[in-house]
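As given, the protein sequences belong to chains A and B, one line each in that order. All residue numbers for the first sequence refer to my numbering, where the first residue is 1 and numbers rise by one. All residue numbers for the second sequence refer to my numbering, where the first residue is 1 and numbers rise by one.
Fair warning: there could be bad hints in the mix.
Claimed, not checked - Okay, derived cross-link-like pairs now, PhoX-like style, lysine-lysine, Cα gap no bigger than 25 Å in a straight line:
#, chain 1, residue 1, chain 2, residue 2
1, B, Lys396, A, Lys61
2, B, Lys339, B, Lys313
3, B, Lys470, A, Lys56
4, B, Lys174, A, Lys61
5, A, Lys56, B, Lys195
6, B, Lys396, A, Lys56
7, B, Lys174, A, Lys91
8, B, Lys430, A, Lys56
9, A, Lys56, B, Lys313
10, B, Lys195, A, Lys183
11, B, Lys430, A, Lys61
12, B, Lys460, B, Lys470
13, A, Lys72, A, Lys11
14, B, Lys195, A, Lys91
15, A, Lys91, B, Lys191
What the hints assert, rightly or not - A short list of chain A residues far from chain B (calculated; beta carbon distances all over 12 Å):
#, residue
16, Gly109
17, Leu282
18, Ser298
Treat the hints as calculated values from the structure; they're not laboratory data. Keep in mind it's a predicted model, so treat the numbers as computed, not measured. Idealized CB from N, CA, C, for every residue including glycine.
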Amino acid sequence: MLSFVAQRIVKGVFVLLAIIVMNFFLIRLAPGDPAAVMAGEAGASDAQFVQQLREKFSLDKPLPEQLFIYVKGVVTLDLGFSFRQQMPVAKLIAERLPATLLLTLTAFGISLLLGITFGTLAARFAGTWADTAITVSALLFYATPIFWVALMSILLFSVYLGWLPSFGYETIGGNYTGWAHVKDVALHLVMPAMTIGLFFMATYTRMTRASMLEVKRLDFVKTARAKGLRDNIIQRRHVLRNALLPVVTLAGVHSGTLVGGAVLTETVFAWPGIGRLLYEALLQRDYNLLLGVFVVCSAMVLIFNLVTDLVYRLVDPRIEFAS
Amino acid sequence: MLKKLVLALALSSVSTLAMAQEPKLGGTINAVIQPEPPGLMLALVQNGPTQMVSGNIYEGLLRYSKTLEPQPGLAESWTISPDAKTYTFKLKQGVTWHDGKPFTAADVLFSIETLKVTHARARNNLVQLDKVEAPDDYTVVFTLKQPFGPFIGIFEVGSMPIIPKHIYEGTDVKTNPANNAPIGTGPFMFKEWKKGSFIQLVKNPNYHVKGKPYIDGIYWQIIPDAAARSVAYETGKVDVLPGGSIENFDVPRVSKLPNTCVTGDGWEFFSPMAWMWLNNRNPVLANKKVRQAIMYAVDREFAKDVIWNGLGKVATGPSSSAIKFYTDNVPKYPYDPAKAKALLKEAGYKGEKIRLMPLPYGETWSRWGEAVKQNLVDVGMNIETIATDVPGSNQKNSEWDYDISFTYLYQYGDPALGVGRNYVTSAIQKGQLFNNLEGYSNPEVDKLFEEGAVATPDSKRKEIYDKVQKILVEDVPVAWQLELQFPTITNCKIKNLITTGIGVNDGFRDAWIDK
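So that you can see chain A by itself, here it is in the shape it has in the complex (with noise of 0.2 Å):
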């Protein structure tokens, strides 16, 4: 297993290497550049201002050097520093890497387990008012917009409810402390949780579902029935366990986007993550910033997938580790 783990965190490298180079590049094609940004904010720009901070961010060099001085600052671990924030990369990261993984993981959390319990209820009444009603509200979360539904969201329990806080990761001014600010914070993330939650749960929901009642058909779960084997057994043992890969695999893929897929949910609910610092440095051509947030969401989907594949091995044992 160790062998495996090593040889995979080999190849991770390589394929973080290639994805700074492509990217690398890709941004750069987008018209405008974190000087043109600069200069048209400032609502001036004469030739010595454009200059002085294309010189200051090293934009006059040649592609392949300003490639090569990133690629250098990376293998020391240094993101570099972010034009328009004036701040190193990886402390702008660092600063919002918690708020994002709070607010992924929850829903994240929030998403697989009840996602999990409502397909094993839909398929185990399959064909049944319960099933029906899973699936369809199930389809209806997948299929709606999510900044609609966060729309929605703070309409009802923050303008006409009045229950929940619309925006922001904790009360500006509140100054709470211990459990106070704990709840705080949790009543801030009620919403974007759910938000992101409710489209994940979805997805797992329907692929549980599918996936179980695939297994159910299956002759070992004939074989256990005509053992005499508890239908709760039989469900949580046989059919759940084995129809779970799929759901795995999936999670495995979403669990990585998520630390920078959050970027609609984070906008409208002003949550000061990855997701709106990616989405800003977009618009402010902020290349530095744009290359971080990509590495630092590169290597957590290849972590994640690393993850997945050992996770395989604890839900069914007879994976094995090809070296």
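Got chain A; can you put chain B on it based on the hints?
Chain B in isolation, oriented as in the chain A frame:
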């Protein structure tokens, strides 16, 4: 709805009555800031959000009333020599920086030298400066190479912020750690900046204007989505929506919320003017008749009433009516599609494709682009809309890669500062923004703008600018649209928020909360 909004704006003048009330001490104002500023050191970063926050931290030598008359700031008095070449400022004594060190003329001299390097607009404003001296700790004397009419108008905090010499001298101003916790002389001090969430300023207890500021502090809240900003106001989480914080179509609804006050004041100094750059290099648009046809074809009253909810004014020419030397004694271009069609025919327009680039600043601007496209198509023009984002738009404009492109620019109170730059030949500089992007060149206009900047007295300047405005409006180098008005929306408990022509960009030193 429109009437109600206009009524609300009219009623807002009632808020001036609040000045008669006795200000109350205490409380915190929650205001929206968008987008998040890139930094707060005003000598280095000059974008709108930076000035909105840092206008509380730093100060300029002067402030300007809503009629753009200079008022004391860090300078308590000033004199101008009869030859209009020497400006002597007497600085206020007893002013201290937020770290307790005294403010003196040496800080002003140091700031001027720094701004010449770091602040593009200040550098341009100081082009006629010969020397600046400090005969004593509280006197600063500016000597000009020749009289420069708008000189007395360049000292507000955003145009010429005064920074502390003792912090920056001998250091690299751009990387000085103090930039992350800026130190000024202003009514509020920097406390905390939680990136992506808020910027907190607290009251400067040693502020040099006795009794001010009245409030304990300000939270500038960073909310990236316009709809979420509306909700934040609606749910009472923020008290102030500075102009442009929410989508224009949402302004009438939010303005009607209980206990809400709306004002269009506070933009007089900036006088934002919207127009469409017409690329004079394009063979079709090079023809004056086509440019005039565009002026007749576009229904600007509709844009004002429907897209901008009745706010603002239809522009009559290159100068905003709020700035000096404005005249409406110029040729007029009322909405007249028939005349536009006739002019296009005369010009020999044969349906060549013209690219129209709306400003990527949100829904209001997209809708405006659609309305103008419809107007131009109605008179027989072949228009293709180009969609892009802000960096893309900046790039295309500065590289002259457009045919018609929307913009809006500030005019800074005087045609020599904010108007001439868009029409003189010397300002045709590829790769840069906010200059003569349309490529219009007229030696007579060049000469008049050159003379207007240095002529004395003001009556002579007025004569020159009257003439140049007439020529420009006849030539239509760009298609002027509207003098924009960005309403500031506040909870009515906030009093005296806007007291100068610089508005919320001038700090909250006079504001108080009626509890």
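Unsatisfied constraints (hint numbers, rising):
3, 9, 17
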